[in-house]
Amino acid sequence: MSAPTPSGPAPGSVSLDLSGRTALVTGAAGGIGRACALRLAAAGARVRAVDRDAAGLDALAGAAAALPGTVEPQLLDLTDLDAAEAAAAGADILVNNAGLQLVRPLQDFPPDVFHTVLTVMLEAPFRLIRGALPEMYARGWGRIVNISSVHGLRASAFKSAYVAAKHGLEGLSKTAALEGAPHGVTSNCVNPGYVRTPLVERQIADQAAAHGIPAARVLTEVLLKDTAVKRLIEPEEVAEAVLYLCAPEASFLTGTSLALDGGWTAH
11 MSAPTPSGPA PGSVSLDLSG RTALVTGAAG GIGRACALRL AAAGARVRAV DRDAAGLDAL
71 AGAAAALPGT VEPQLLDLTD LDAAEAAAAG ADILVNNAGL QLVRPLQDFP PDVFHTVLTV
131 MLEAPFRLIR GALPEMYARG WGRIVNISSV HGLRASAFKS AYVAAKHGLE GLSKTAALEG
191 APHGVTSNCV NPGYVRTPLV ERQIADQAAA HGIPAARVLT EVLLKDTAVK RLIEPEEVAE
251 AVLYLCAPEA SFLTGTSLAL DGGWTAH
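11 is the number of the first residue of the sequence shown in the numbering used here; add one for each residue after it.
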């Protein structure tokens, strides 16, 4: 289930010059975050790539070496909330992407893991937004893009912490949009369905155990059951949506959720 990871924009992709802009992307060492960091750097941005995976950040920096912008690895554990807030200072573009997942029935869900998921996926985005807004307001321009999920709009069994965090992120994003509008700052969620990432690959094994079915049946019978387009979305497709939200043409688009879910929420 590996996916290509191009170092630059694909033919026909969004055209946008972000030279002079600083972007911060969390969870940048792999998956959606990596694709977003590369895509923003390909548009000329100076990207602060935040993750706790040092090897993944080094690989990302190498992949970005020939791009118009730059990728600056920043090793950070988002459970250090003070450090997260400080890291966001000066960012023109903030992409809250970092996440983690555990699939367990509610009665078996470890409380410490629930706390960690909410810390990384809801409280850390709040602190990052809090850190970025003063200078965004001072410049009169800013873009907050929260990588939510179809699970920010719909629930699934066995994912209590993840669903709770994503639903909370939706509300946080809308509040930031309302407060940021007078200052030229937009805030939106991007809501992909199942993306071809290591996180989803691990979920297949977890869902197989939770449902008592072979892993081979999980993709079609569980993950893509409610999706009209029967495939995983690629990280690069999500990155194109993120880039569009940074474009001048998207300045009126705020406080909303852009569903990249293959028709899941059309039900």
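Among the hints, erroneous ones may be present.
[Said to hold, decoys possible] Computed spacing ranges between beta-carbons, pair by pair:
#	residue 1	residue 2	range
1	R149	H125	30 to 38 Å
2	A99	A165	30 to 38 Å
3	L116	P78	46 to 54 Å
4	V239	A69	48 to 56 Å
5	E189	A96	29 to 37 Å
6	A93	A226	25 to 33 Å
7	G150	D92	37 to 45 Å
8	A65	T126	16 to 24 Å
9	P115	D68	15 to 23 Å
10	E189	D92	20 to 28 Å
11	A219	L263	38 to 46 Å
12	L128	T275	42 to 50 Å
13	I223	D27	44 to 52 Å
Keep in mind the hints are simulated off the structure, nothing from the lab.
Here a beta-carbon is modelled for each residue, glycine too, at the ideal position from N, C-alpha and C.
Against the structure, the hints come out as follows:
1. R149 <-> H125: 30 to 38 Å: 35 Å, holds
2. A99 <-> A165: 30 to 38 Å: 35 Å, holds
3. L116 <-> P78: 46 to 54 Å: The hinted range 46 to 54 Å holds for L116 and P78, with Cβ atoms some 47 Å apart.
4. V239 <-> A69: 48 to 56 Å: 30 Å, violated
5. E189 <-> A96: 29 to 37 Å: 21 Å, violated
6. A93 <-> A226: 25 to 33 Å: This hint is violated: roughly 42 Å between Cβ atoms.
7. G150 <-> D92: 37 to 45 Å: 27 Å, violated
8. A65 <-> T126: 16 to 24 Å: Check passed, 22 Å falls within 16 to 24 Å.
9. P115 <-> D68: 15 to 23 Å: 38 Å, violated
10. E189 <-> D92: 20 to 28 Å: Holds, at about 22 Å.
11. A219 <-> L263: 38 to 46 Å: 40 Å, holds
12. L128 <-> T275: 42 to 50 Å: 23 Å, violated
13. I223 <-> D27: 44 to 52 Å: 48 Å, holds
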